[in-house]
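Visitor: So you can see what is in the structure, the chains are spelled out below.
There are 2 protein chains.
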Amino acid sequence: MDVSDLLTSAGINIAICVVLLSLYSILRKQPGNACVYFTRRLVSEPVRGTGDISCFERFVPSTGWIAKAWQATDEEILAVGGVDAVAFMRLVVFSIRVFIIAAVICLFIVLPVNYYGQDMQHKEIHSESLEVFTIGNVKEDSKWLWVHCLALYLISCSACVLLYSEYKSITKMRLAHITGSPPNPSHFTVLVRGVLGPRIIHTKDAERMYRMLKSIDPRFLDRSLPYCIPGGAAHPFMVPNLRADSVSSTTSMDRLQSSQRRKECPAAFVFFRTRYAALVAAQVLQSSNPMLWVTELAPEPHDVYWSNLSIPYKQVWLRKITTLIASVVFMFLFLLPVTFVQGLTQLEHLDQLSRRVPFLKGILKQEFIHRVVTGYLPSVILMLFLYAVPPTMMLFSAMEGNISRSQRKRSACIKVLYFTIWNVFFVNVLSGSIIRQLTVFSSFKDAPTQLARAVPTQATFFTTYVLSSGWASLSCEIMQPFPLICNFFRKFILRTKVEPSSCALTFPHHTEIPRLLLFVHIGFTCSIMAPLILPFLLVFFFLAFLIYRNQILNVYVRKYESGGEFWPIVHNSAIFSLLLTQVIALGVFGIKRSPVASGFIIPLILLTLLFNEYCRQRFSPVFKRRPAQILIEMDQQDEQLGRKEEIHNQIRSAYFQNPIISHQVSINSNLPLSRNTSHHQGDEDNLHGLKSLKPFRYI
Amino acid sequence: MDVSDLLTSAGINIAICVVLLSLYSILRKQPGNACVYFTRRLVSEPVRGTGDISCFERFVPSTGWIAKAWQATDEEILAVGGVDAVAFMRLVVFSIRVFIIAAVICLFIVLPVNYYGQDMQHKEIHSESLEVFTIGNVKEDSKWLWVHCLALYLISCSACVLLYSEYKSITKMRLAHITGSPPNPSHFTVLVRGVLGPRIIHTKDAERMYRMLKSIDPRFLDRSLPYCIPGGAAHPFMVPNLRADSVSSTTSMDRLQSSQRRKECPAAFVFFRTRYAALVAAQVLQSSNPMLWVTELAPEPHDVYWSNLSIPYKQVWLRKITTLIASVVFMFLFLLPVTFVQGLTQLEHLDQLSRRVPFLKGILKQEFIHRVVTGYLPSVILMLFLYAVPPTMMLFSAMEGNISRSQRKRSACIKVLYFTIWNVFFVNVLSGSIIRQLTVFSSFKDAPTQLARAVPTQATFFTTYVLSSGWASLSCEIMQPFPLICNFFRKFILRTKVEPSSCALTFPHHTEIPRLLLFVHIGFTCSIMAPLILPFLLVFFFLAFLIYRNQILNVYVRKYESGGEFWPIVHNSAIFSLLLTQVIALGVFGIKRSPVASGFIIPLILLTLLFNEYCRQRFSPVFKRRPAQILIEMDQQDEQLGRKEEIHNQIRSAYFQNPIISHQVSINSNLPLSRNTSHHQGDEDNLHGLKSLKPFRYI
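Taken in sequence, the protein lines are chains D and U.
All residue numbers for the first sequence refer to full-length UniProt numbering, where the first residue is 1 and numbers rise by one.
All residue numbers for the second sequence refer to full-length UniProt numbering, where the first residue is 1 and numbers rise by one.
No lab work stands behind these hints: they were computed from the structure.
Think of the CB as a built atom: it goes at the ideal place given N, C-alpha and C, for glycine as much as any other residue.
Check the hints yourself; a few may be wrong.
With the Cβ distance kept under 8 Å, some of the chain D side facing chain U (calculated, not the full set) [stated by the list, open to error]:
#1 284
#2 622
#3 627
The calculated DSS-like cross-link candidates involving lysine-lysine, where the alpha carbons are at most 25 Å apart (straight line), are [stated by the list, open to error]:
#4 D/320 - U/168
#5 U/592 - U/143
#6 D/168 - U/314
#7 D/172 - U/314
#8 U/168 - U/624
Cβ-to-Cβ under 8 Å is the rule here; a few derived chain D residues that face chain U [said to hold, decoys possible]:
#9 100
#10 286
#11 288
#12 317
Taking the hints into account, I'd like the entire structure generated from these sequences.
Guide: Following this line, the structure appears as structure tokens:
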């Protein structure tokens, strides 16, 4: 592939992007598509005029949305999308910053060294092969390799400084989110799993649990919460049996007896008077059998993944292992289409193809078609296959037994990330059959050399991948083709009225974070090897900045929030990419016989590892546990402002799976439970309705 | 090496053992050696007659000690040595049980299959090569390999069942130890690290810390504890400056001002009114900066490793990484002597040696000497080198920043374990230079095959290793040569009076556990490959049973207790050995071309992994954290019995590094602090005396 091939590919992709974005700017102005492109606005501000756009304006492409996305402040994003959205945008900003630095260093310093690396007659620039711009063009034993080494040092240092400041600011943001948010029921609630069944609860264990929770501080446990235990004992436990089939009119006594057969009931929510009491109950090992009375802080009410609460805690570890194995198997079986795609980029395969299927011969001979097939088609096929991955991983994560939606998404995010980096990066780099790849990775010693040989030669593929898959996926993201078609289908064929809240989606972190991180990974590993990729990558990230801001402001709703809990994934992934870049550089300098440069890389690797360990010690605990200090301050504030009663009334009604049942319980327990008015999740739970209501019990 | 060589070696070792044990039985009857062989008894029962042993009896070997060690009950061991000692003896009992089962299976079923594995003329039994008894003698494609497969299944299953029951009973014992022990100051105390200095404490952070701790429950925090903060504010903090140079007569005000320069003071003990309050304070993340106000449950007063408390918490992670790297480097550099030892067992090296050093030729020609050199000398050299390892690892663990002696010992135990298994097992199996070994381990795919080739051929070495190193180390353990010589030196040359408490040693878990686990490892891996090792191993474990019981009853004192916290190490190590055995079997069946047997091993490996994961979920949390349930019950009992005040008086005086200072503080703070009468650690802290007293402060 030469420079003009690359420019053709870039041209095609720029044209496609411009067309799609223009199409978007027209489609979004149609009032009928408002529930696709302005879902969030419709949900949060239900009464909204479409404005007085004239008929002519409606069909002319405009750039107003770009200006709006650009001008939005971080505060706006925070108000609209929460900490998760801001943290996601920080990832984009981090990428832009680090690759601007990398591009300046590599294009102005490394690229000339690569280009003039050999004593050769250079062709005209447009017919120059792309290989000339890679480190592969630097001759062995060259004195100029210290430039690459220095560039890698500069890139690593700036990446670490940026990563540190991002981690710090997101930690601060997370803490501010915990402190600043209105009283959150999840702060006061503990989810207990592995609860022993009612038969035992009523006699000995109830006493024990009562004492256990009481001893935290009797004042903290919310005595005013509904309770009903047969026999007249008045413990602060609430054990109504919320079985779907017994909701109608049986009394709580009847229902309790009918369920006494079961020995272990899966889970229960316990409410506390203060945040600190809940935190303590959640973090202490309660029982001497660690599989019983397992406590953790409850997720936000809308974040609870109800159907998984019915999984007995004893199964969870087995499920985790099973899904892990399943994901790994899936990861390796996926190699088959990827191997095929890889074959297409190699010319000899194309020749074979045209020999076997003679009528293709004429078509493939044409210069343009040939360029499309080698430069564009493989990425498209790969991209189409990759679309099936996130739903699969989401399914695995649901089977794993995660009890909250954000946890499920985070788990899926990690799986998709591993999957993408393995199947897009490593498989393409090592380009071969499953067996050959396993052979390469079974000998760790040769891995740097193998990678060092492969990465510069595969840089062309990655450049086209950024152009096609990267840019196209962003256009696809803003176009929202699937909701658009669904909307069209419902409106003009089914002719049903669509509620905006029913088709509102939450931000798909599990697909977008791995995508961005993959490009960060490609960017780092290719930076000093093949710097020509960096401008295209920068365009990708600028586009991503505008498009994701637009989507957060207009499309995705915020139903629950994890408070930036996915940031450690981003941080670790970036560090991994940096380390891999350094290892590959080590291999390259080895191949180029530059022991001095190799020697300088080893301290860089050690320093990066140390930096990562420091960040792990300094920041990551805050993402796993809430610090007591700020919760105590919040509790005290509440007390000073006299908001306690109000908060407790709120908590009572927060954790109900279904408004009908919440109402039913409020009648049965003879307590003035306020009816749950919150809207429910848009996906599967709502579809199942009452049916999905597994036997579930509150203490 | 043939059978008669092995018998010669066994004969030599039995003779040495008998001689040493007889010598021991004589030495222990000499009144002058009482402080070597009855240290524990002398410390706990200071007035003790030596009995009326006649002069004749004193110089005749006897077996009385064996009977006493055998008859001691588990309750006695528990009373004398605590849970740690019982758990250690359980390791020996577990080994005996599992290897009795393995010996029965392997000697009666596997050994005949190995012996008649090839169609060959067998020689007389005593001149038969030992190789004939290993799996190497079974011909390829043999139909009898399912016997080995079945034997491995039986051994794995019985090992897992035994491991499960041991883990369960030790967990129970640990819980009973926590519940049953007299009120322990460490249950009420939290060690806070990364405390901000006095300047800040006095203004804002003191308030915050006060609120933080108060909010647990104001009743729980021990208000009656000494406090002194300038300015008249009466917080429940105690900030006397315990600098060695300012102890004499300055007032607390003066001392405080002089130390206001420092910004972070390393650590502080905080006392609570109940165990549960301390537990909560220890397990919750206190500050939003996870490097500050780090809390953990305090170790027992005698367990505190005072000199490490002065290490700022910020350094700890860096120290851990540094010592890890140092240990790994040490592990690999140690290969040099081991490689030399390995060379000696190979005959051609001996021939070379005798050619270079001609006068050795005559000696080496002699049959007996030759046997000694090949069968005995290598193990002795290896053993001598290995003696230097535990002190080195102990040093590393001290540098790591562990704040308690038990933690330091556990950390050293893990390091020594890795070290021994790598340097004794793997290096001998893979027998070669450093580079060759790294090559083997850099290709993971071939590792099972490599190991499968090497282990059966190295079985001879391991058999002699068990005979020489194993048996001799036990004799050495009971003889206590080093204290014996020291005692002799002090008594007859220095002529000083020796206090028994000053030379009292705690049980050296960090050397004895890795030793036993190494033999467990060798036993498992050799069991179905070379079953002839098992009888010798059983003798070793029987001997260990008697000797360690004797030592626990008579020699080692119990200064502190970890409550069996090292058991997870034992469990994990046993599981690792089982898994490695299975992987080697996989390789062997692969070499022998028995795909069916190989196929059956894979589910066994998976099941073993699942079993381990289950145990990790079910038991290990109890070894890391104390369950709230039992602590709460204990608190309630104390309240019912009215022991609270008494306990609090005890705690006040428990955590003082030095009796003089404890006295000083009690005067300065005008509180009736009881003088600390407990005796102090026998090792380095005591030697440093006041000098080692680093700046240290109590809140």
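Visitor: Now look at each hint and say whether the structure bears it out.
Guide: Evaluation of the provided hints:
{"no.": "1", "hint": "284", "in the structure": "5 Å, holds"}
{"no.": "2", "hint": "622", "in the structure": "6 Å, holds"}
{"no.": "3", "hint": "627", "in the structure": "4 Å, holds"}
{"no.": "4", "hint": "D/320 - U/168", "in the structure": "24 Å, holds"}
{"no.": "5", "hint": "U/592 - U/143", "in the structure": "10 Å, holds"}
{"no.": "6", "hint": "D/168 - U/314", "in the structure": "17 Å, holds"}
{"no.": "7", "hint": "D/172 - U/314", "in the structure": "20 Å, holds"}
{"no.": "8", "hint": "U/168 - U/624", "in the structure": "15 Å, holds"}
{"no.": "9", "hint": "100", "in the structure": "31 Å, violated"}
{"no.": "10", "hint": "286", "in the structure": "5 Å, holds"}
{"no.": "11", "hint": "288", "in the structure": "4 Å, holds"}
{"no.": "12", "hint": "317", "in the structure": "5 Å, holds"}
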